[in-house]
Amino acid sequence: MPFGELDRPALARALAQLAEGPDDLVDAFLERVEVVELPASGEPAGVRLRREEGLAVRLCRGEKSWLASRDRLDAEAFVDAVRQVARVYPRAAAPLPPALVRPWGGLPATAELQAFPRQLDRALRERRVAFPYRLSLRRHRRELQVVTPHLLPAAERESWYSYRVELAWGRLGGLLVELGDEAAEVVAGRLAEAFRAREAPPPESATANVVLAPDSTATLLHEAVAHALEADTLAEVGAPEAARGVRLSEARLDVLDDPAGAPHPVRRASDDEGTPVLPRWLLRGGVVDQPLADQRWARRLGGLQPGAGRRESRHRLPAPRSSYLRLLPGEGTLDELVAQAGDGLYLAEPTRGRLDAHSGDFTLAFAHGRRIRDGALHEPVGPCRIAGRFADLLGKVGAVGGKAVPAGAGWCAKGGQRLPVWGAAPELLIGGVEVSS
Amino acid sequence: MKATRAEEHAEAVLAALQRAGLPEAEVYLKEGRSRRLALGLAGAEHQVLVEEGWGVRAGDRRSAFFAAGTGRPEPAGPWPAPQGFPSPLPDPSPVVRWSDPPDLDSPLLTELEAQALLNAVAEALAAELPGATLVEATLEDGSSASTLASSHGIRARWRHRVAWARLVAALPESAPAGAMLGAPVRATVEQGAREARRLQPKALARALADRLAVRARGSLPERESGDVVLAPAVAARLVAALLPLLVGPEARERAAPLVDRAGRIGSPQLSVVDDGRLPNGLLATAVDGEGVPTRAVPLIEGGLYRQPLLAWWQARGGSSTTTGTPAAAPAASARVASGCSARPSFRDLPRPGPTHLFVRPQGGVRPAMLVGDIARGCYLLDVDGPGHFDLAAGRFALPVCGFQLDAGAARRPLAGGWLCGSIGALLRGVAGVARDLAFFPLAGMIGSPTLRITGLEVRAGE
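First to last, the sequence lines map onto chains A and B. Residues in the first sequence are numbered from 2 upward in steps of one, following this note's numbering. Residues in the second sequence are numbered from 47 upward in steps of one, following this note's numbering.
The hints are simulated quantities; they were obtained by calculation from the structure and are not laboratory data. Idealized CB from N, CA, C, for every residue including glycine. Accuracy of the hints is not assured; some may be wrong.
Chain A side only, calculated, beta carbon under 8 Å to chain B, not exhaustive [said to hold, decoys possible]:
#1 43
#2 44
#3 46
#4 50
#5 52
#6 55
#7 67
#8 69
#9 151
#10 168
#11 374
Whenever a hint applies, use it, and build me the whole structure from the sequences.
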């Protein structure tokens with residue numbers, strides 16, 4: 002780890018001088034980010050490498066926060082940032098700690114990135130489909146260390162991949178925790194389905210029973226449960242702490258944010274504020290249990306557990322966000338859910354979701370799906386969307402599939418911060434949904 | 047002139063890259079400092095950001111790499127091996143004489159000044175419209191300096207200084223058209239200036255109050271097909287939606303169905319220009335992110351489609367020039383390049399796009415003069431959402447709010463309506479252009495003055 006030789010006590014002592022009382026929140030956030038990209042064929046510069054490091058010092062006092070961030074990770078930058086924050090309260094004078102981080106090593110290895118296009122080609126051939134596509138691929142590595150005057154959490158490391166495929170009839174993208182044949186199978190499966198549905202007409206606008214594929218389920222829950230239960234989102238429409246105990250959905254839904262249960266490369270023991278994470282039950286039996294909160298919201302409101310503070314980079318303040326969203330499985334196979342739906346739609350490929358916190362309205366768009374007729378899957382259907390009040394929709398859940406699989410991995414943007422999110426979910430049957438094309 | 051430390055460092059890195067056998071090389075260094083104050087539900091957030099980064103692209107004529115990082119690059123690397131496709135670099139072009147605006151050197155706002163400015167907006171808003179409150183406010187004030195050196199001989203240094211305010215206000219317990227009774231009405235106003243001290247709290251508050259009042263008291267429009275007058279915020283959004291017809295190598299082909307045999311795409315009143323060195327332009331510089339001189343390029347002139355906006359490498363392969371006189375319109379097949387490649391940050395390769403792209407205003411025409419003789423129509427003040435634009439089908443629908451006009455005067459406020467019509471009618475229906483050019487950050491700085499348009503419709507649904 003680059004922060005292995007960090008003199009945390011020296012940093013903690015410097016930060017301690019910023020705090021005037023026990024209610025002051027003071028911390029330093031040190032990060033190192035590396036992104037390697039293989040752009041799509043034909044794009045300029047066939048390999049792209051970005052290496053960033055920097056730090057931020059923060060002081061929160063009452064309703065005010067101060068943040069000083071720097072694009073350097075050295076003692077001078079740290080002292081400069083401490084002084085910047087202390088300028089508000091100039092009694093602080095920080096000693097110069099020793100070096101913060103080891104230098105970057107040599108060039109990163111890219112073998113798995115270079116191999117993936119061939120693996121994907123092979124997986125597509127095995128599915129007996131062939132079409133032109135342009136693949137761009139990135140590997141993201143992030144190492145971070147939070148230091149507070151009192152708490153010395155371990156450094157955190159995350160590694161994941163993002164991909165983007167441009168097709169003649171649209172584009173498709175997502176996140177992967179690792180590359181290899183298994184990941185190639187996942188991407189090839191999505192591409193093949195998109196290919197088969199490329200000329201499918203959109204379904205007619207109607208009220209229909211829908212079965213959501215795991216990716217669609219995870220995206221729906223991300224919008225309608227995770228975003229809806231972020232403390233800052235709740236504060237826009239009322240008192241966040243009052244949400245606890247409110248029935249939000251049909252009793253079948255048990256949803257939790259569980260960063261420590263995420264796949265190994267993105268698993269977290271602490272959040273971006275250094276607070277230990279916990280398995281956070283957002284909905285237990287359909288009832289709101291513990292909204293997502295960071296240190297600032299938890300201190301301000303009481304009754305909320307911190308541990309869900311996330312930040313895009315050192316240049317942004319943390320805010321409550323989910324990391325790894327899980328819907329506990331129920332009973333039933335996909336075939337059984339489809340049979341239960343009778344007639345309707347199977348919605349497989351979510352493209353985007355949006356929640357309006359003020360109205361409670363949400364929209365979820367899909368690239369394609371399949372028609373359900375007489376309790377069985379039939380021909381593909383083209384783009385469509387579902388919309389409505391999220392509380393209404395969650396109240397119509399008819400069944401939860403019996404097997405949760407990795408799902409819903411993607412980028413989530415809110416408040417100008419774009420973060421990777423992960424999840425696991427089974428299929429979901431929802432009755433009487435407004436579908437429009 | 048004495049070289050700065052950044053210029054010396056760029057030269058050292060460039061020399062090292064060439065010694066490493068990378069004949070095609072470009073070094074970009076950027077440093078910036080900004081203050082940000084955000085007021086909202088989370089309280090007051092004061093931030094001071096100091097950014098320092100670099101980007102290098104290098105290779106040969108067959109392949110290249112791009113590397114970027116924070117701090118300063120080590121001349122010795124290590125550098126990735128070039129692969130894939132090359133990243134072509136421009137040759138130097140003469141730069142028209144340029145003087146940095148004097149306010150580039152003014153200091154950033156202090157914490158207290160930033161707080162005072164937003165407080166002044168909140169107080170002015172309460173005075174303008176009792177009951178209205180500022181629910182979110184963000185003020186960013188920053189400056190940056192960029193240095194560029196390339197193996198093709200480009201040496202450039204430019205600076206930016208931008209302040210930006212984004213304000214969201216609410217009027218509680220009112221009932222806009224189509225909303226639940228009791229839902230608060232919200233309005234957003236954004237404005238930029240080179241120096242934050244030039245932002246006018248009272249003007250910002252008035253803009254917020256106007257929008258809140260219209261949304262709170264407005265009713266759904268009847269089907270209205272008289273002339274519409276579009277405030278800059280609405281007109282600029284329409285211009286932004288038309289960018290695929292105006293920007294990039296494929297733009298001419300996309301625009302072709304709208305262009306007649308005489309080359310006309312719009313009314314004689316309509317001229318659209320992109321100008322990276324626009325006097326008083328917020329992002330005006332002598333060169334773009336690749337060191338190519340910026341210039342004014344007429345895209346539509348007197349209703350005639352002249353050419354799309356092209357970066358130097360996009361203009362290659364056809365009849366092209368980078369030094370033509372902007373006023374001299376090229377033949378239909380000629381392609382004039384301009385410095386229009388932006389670097390959103392040191393992390394990004396330069397990307398061509400609009401610099402200051404705008405409808406050319408007509409001096410001496412006050413917005414009120416466009417409204418005065420309208421027997422019946424609409425004045426549209428603001429946009430309520432993203433809208434739908436189908437350039438292939440040639441149609442659009444944009445959610446709007448404003449006023450119904452009767453005999454040149456506002457008769458009643460409108461909210462929840464849609465401005466609908468064909469793209470062709472929008473371009474050919476420009477019947478009046480005012481002088482009040484304003485810019486908005488929509489895929490570049492996109493601007494328009496108030497426009498009067500015939501042939502569109504305002505109705506209750508899209």
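Results for each hint:
A least Cβ separation of about 6 Å between residue 43(A) and chain B falls short of the 8 Å threshold, and the interface hint therefore holds. The closest approach between the C-beta of residue 44(A) and any C-beta of chain B is roughly 6 Å, which is under the 8 Å cut-off, so the hint is satisfied. At its closest, the beta carbon of residue 46(A) sits 4 Å from a beta carbon of chain B; the interface hint therefore holds under the 8 Å criterion. Using the Cβ-Cβ criterion of 8 Å, the hint placing residue 50(A) at the interface with chain B is satisfied: the shortest such distance is roughly 5 Å.
The closest approach between the C-beta of residue 52(A) and any C-beta of chain B is roughly 4 Å, which is under the 8 Å cut-off, so the hint is satisfied. With 8 Å as the threshold, the beta carbon of residue 55(A) comes within range of chain B, its nearest partner Cβ sitting at about 6 Å, so the hint holds. For the restraint placing residue 67(A) at the interface with chain B, the shortest Cβ-Cβ distance is roughly 5 Å, inside the 8 Å limit, so the hint holds. Look at residue 69(A): its Cβ gets to within about 5 Å of chain B, closer than 8 Å, so that hint holds up.
Taken as an interface hint, residue 151(A) does not check out: its beta carbon lies about 22 Å from the nearest beta carbon of chain B, beyond 8 Å. The beta carbon of residue 168(A) is not positioned within 8 Å of any beta carbon in chain B (closest approach about 18 Å), and the interface hint is therefore violated. For the restraint placing residue 374(A) at the interface with chain B, the shortest Cβ-Cβ distance is roughly 31 Å, beyond the 8 Å limit, so the hint is violated.
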